[in-house]
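Work out the full structure: start from the sequences and follow the hints.
The primary structure of each chain is shown beneath.
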Amino acid sequence: MATEFTPIASLIGGGLIGLSAVMLMALEGRIAGIAGILSRLLPPHRDGAFAGRLALVAGLVMAPLLYAAVAGGLPAQRIEASGIVLVAAGLLVGFGSVWGNGCTSGHGICGLSRLSPRSLVATLVFMATAIVTVFVTRHLW
Amino acid sequence: MSILLQFLTGLVFGTGLLVAGMADPAKVLNFLDLGAIPAGTWDPSLAFVMIGGIAVTWLGYGIVLKRARPVFGRRFDLPTATAIDRRILVGPAIFGIGWGLAGLCPGPALTALGFGSLASLIFTAAMLAGMFAAKILGEPTRRVAAPEAL
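Keeping their order, the protein sequence lines are chains S and X.
By our numbering, the letter at position 30 of the first sequence is numbered 58, and the numbering carries on one by one without gaps.
By our numbering, the letter at position 138 of the second sequence is numbered 260, and the numbering carries on one by one without gaps.
Quick caveat, the hints were computed from the structure, so don't treat them as lab data.
These numbers were taken from a predicted model, which means no experiment stands behind them.
Glycine residues also receive a C-beta, built at the ideal position from the N, C-alpha and C atoms.
One thing to keep in mind: the hints can contain errors.
Here are some chain S residues pointing at chain X (derived, C-beta under 10 Å) [to be verified]:
id: 1; residue: LEU39
id: 2; residue: ALA77
id: 3; residue: GLY87
id: 4; residue: GLY100
id: 5; residue: LEU140
id: 6; residue: HIS167
Dropping the structure here:
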């Protein structure tokens, strides 16, 4: 399915994601990696920051309500993957992000902003395997 | 206050994803689809999300990290690991395959949940199971490694 190239909106949206990363660092001194925040809600717990993490996740989930209230409707959301593919994808995304200590936000935004070589390696690796996966499923399968 | 501000932080993050078009897996997959470049249907938007996100975070971190401590915390909790070990290759490699299969990663999956779609619920439930598995499997290696470190 073709999608429209939206450089300005994506740049502004990216800026808002960056703003939220700066907010979390300024307020709590923590990295805004969603995989890390979400996985630390699962046991075993290692610190007492559970309520704050839950509040951040609640904000993420409720953002569409705010967006719809202001914009008068929701943007497009097209999930084309079928049930079994969604389960496999979810398992891989969840496992891989915790195993590799980060996801697109933790490594891709926060890590790269800190000029972390580890995050650069992680970002290049997940970009590469994701690009290969899409190539295989869309052009070879 | 701290809890309320973290809710606001999540709200800003999710709004950013929505404005950027990243709560739409089709847009993410069309970025990852380099094979679509010859046909002219490649969507480079995600690169602009990265540029905007990194620019603001880099600038903001530069200002914030000059302070002695965060507003509510005792210290800045920054990652200390620097080793390029097998885990930092294997984890992201697995993550990328899942990302390429559905076009969803943790942040957008949570914001997609707010749309109330069954697909995002199935994905998020599986993602939590995967996270839990990695936490459990990751534990023993740490426990075994501890005595050696002493």
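Please check whether S:LEU39 passes as an interface residue: C-beta within 10 Å of a C-beta belonging to chain X. With a closest approach of 4 Å, the S:LEU39 hint holds.
- Close enough to count: is the Cβ of S:ALA77 nearer than 10 Å to one in chain X? holds (9 Å)
- prompt: Can S:LEU140 be said to touch chain X, with a Cβ gap under 10 Å?
  reply: With Cβ-Cβ at 5 Å, under 10 Å, it holds.
Checking hints one by one. Is S:GLY100 an interface residue toward chain X, by the C-beta closer than 10 Å rule? For S:GLY100, the interface hint is violated, since the closest Cβ of chain X sits about 13 Å away, which is over 10 Å.
ask   = Would the stated hint for S:GLY87 survive a check requiring a Cβ distance to chain X of less than 10 Å?
value = holds (2 Å)
| Agreement of hint S:HIS167 with chain X interface, Cβ distance less than 10 Å | Since the shortest Cβ distance to chain X is 5 Å, the answer is holds.
Hint 4 from the list above is the single one not met by this structure.
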